[in-house]
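Residue-level listing of the chains:
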Amino acid sequence: MADKSLEMVECGHRACGGCGPALAARLILKGAGERTIICAATGCMEVFSTPYPQTAWKVPWVHSLFQNSAAVASGIEASLKRQGRDEHVICICGDGATFDIGVLCISGAFERGHNITYICYDNEAYMNTGIQRSGATPFDASTTTSPAGKNSLGNSRPKKDMPQILAAHGAPYVATCSIAYPNDIIKKVERAVNIDGPCYIQIHTPCCTGWGFDGSKTIELGKLAIETGLWVNFEIVNGKLEKVKKVKRKPVEDYLKVQKRFAHLFKPSLNTTEIAKIQAIADANAEKYGIDLKI
Amino acid sequence: MQGNIASAEGALAAGCTFFGGYPITPSTEVAEHMAARMPKIKGSCFIQMEDEIASMAAIIGAAWTGARSMTATSGPGFSLMMENIGYAVMTETPCVLVNIQRGGPSTGQPTMGAQGDMMQVRFGSHGDYSIIALCPSSVQECFDLTAKAFNLADRFRTPVFLMADEVIGHMREKLEIPDSVEIVRPKTLPEGMLPFTPGPDGVPGFAPFGTGRYTHVTGLTHDERGYPDTTNPARHDALVRRLVSKIEDARHEIADYTIVNEDAEYVFVCYGAPVRTVKEVVDKRKVPKTGYLQLRIVWPFPEELLKRFPKCRAFIVPEMNLGMIVREVGRHVKIPVIPVSRIGGELHTPEDLIEAVKIAESTT
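From first to last, the protein sequence lines stand for chains A and B.
Numbered by the UniProt record's numbering, the letters in the first sequence go through residues 1 to 295 in order.
Numbered by the UniProt record's numbering, the letters in the second sequence go through residues 1 to 364 in order.
Misleading hints may appear alongside valid ones.
What the hints assert, rightly or not - Straight-line C-alpha distance at most 35 Å; calculated DSBU-like pairs for lysine-lysine:
id, chain 1, residue 1, chain 2, residue 2
1, B, Lys42, A, Lys257
2, A, Lys150, B, Lys174
3, B, Lys42, A, Lys260
4, B, Lys284, A, Lys159
5, A, Lys277, B, Lys40
6, A, Lys150, B, Lys307
7, B, Lys307, B, Lys284
8, A, Lys159, B, Lys42
9, A, Lys257, B, Lys40
10, A, Lys58, A, Lys257
In short, the hints are calculated from the structure, not lab data.
My request is simple: use the sequences and hints to build the entire structure.
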């Protein structure tokens, strides 16, 4: 069992107050333990956790580049194996590094079957460079490269389904979780690092700066995403959906209205057409994963 | 206005209708500005790609639909674009790349200025080739040179690079936007002429997809039809020599520069951000016997301009790298050429350059 008192990510880093990814980093290491090597892609977490001349990491940590964490991890894992060693090799990368620029290397690593755990902290945009859209940005969210305005309703495409893409690679374990449920993260990471083969975990990490909400509400936002069905916590084991977090669903407005990135759907007037489209995304999630609690 | 925004505005003024890009510090403002502006311009397309490899590929694709296309990036992104840059050279695809240079190698200094990519832009992709590289030293030049880059790309059917740096890209200055900018589109392909048959200037006319001509585009060595012919030594020799000479032969005609004090004994050769310090030393402080050559087009290198200083005893080349263009100057002259290298992200101080003049005086 994971030692929940273990702190392998130190305090004093430079994340924003209320940073979702910072919480995720701490929880990941509680699940993975001390015998872990981290490959980090370029991104917020890389920058805030390693401010010169300090580092928050108490485990070996390598900043790869933006696109290649899974390939660097492949090399580490393959070499360790030849040496008879069995440290946990974990990639921790943001959604830009995972959904967009890094897909090639991730796909290669999963196809070759390296014994690594790839963890995406998903804050749904490029936050390190100042809030540009990524393949993980939800439908209608305003970012600096999908700005809402007279000619645009924000990001015009739905979020890419990375967990299913990795499941389709034949990964033995694919899971989603949220910083709103800390024990769930620890449990899932612990499970993944103890499974032989490439595992994928995607953690929903609300970003107060990029999404536009008060830093004291991060956990609340994470919960709302799940309670509205816009984020689903599940486990896919050997291709089979095994466990899903069920909820008594709330309307998506409850989640959207508290974030500036969706403010254009409420002002100057309520855009019921667009909100209905987002509700349909939540309804489809509910249907696909069977998240609705039977009352 | 900020240099990066001025560059985006210069592109729009020149009729750029396609931007494919990917966020990277310190160039991101170019993409962000295009994302905000382009949806309002009919027929324009801003597209965020999944990485810089894809960004470069997308602007090549767009160029073959007849659009003026552009991307913007920095250090690591520029490295990722290299294979596609060679492809654009080989396929003679007109397009514009803005590189807001930052400290390297690797991730280096994302928020600090540098001129460390000046050799990479010239030689970074594999094989022999030539390109055109422009270097702005002010916000106004960001606008003017980006607009100009599109005309050069079209005229020579080649990728053209705006090699700015973080200092200029993030600088805010007054910008005068002209009522209109000169727009020279590529010459069309004359009836009966094959798509890769060069004109007298070595440049073929351009027939984008859907303009009534059968066009076959490949990165393989090809004949005038564009068909692969990869084992004929004479074919490869003629093609690659033409790709180089169509640009190199025009280097003096297209030279874009400022010369101050042709009688100077100590002459700064400068481009980009260091121009500002040189101007302080020569124009404002009027340090005796000094003058300068500011290059706004660095590649192809117009070496004849070095002869415009008949009394010159030494050239001094301040660069924000460990000495790149200084080598180019050095191989064309027989007098001392003194590098003033500064890396780390800060501009040269006037004192750095005055010290270099003293060194030059003591050694000549």
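Against the earlier hints, flag every one the structure doesn't satisfy and list their numbers going up. Violated hints (numbers, rising): 4, 6 and 10; every other hint is consistent with the structure.
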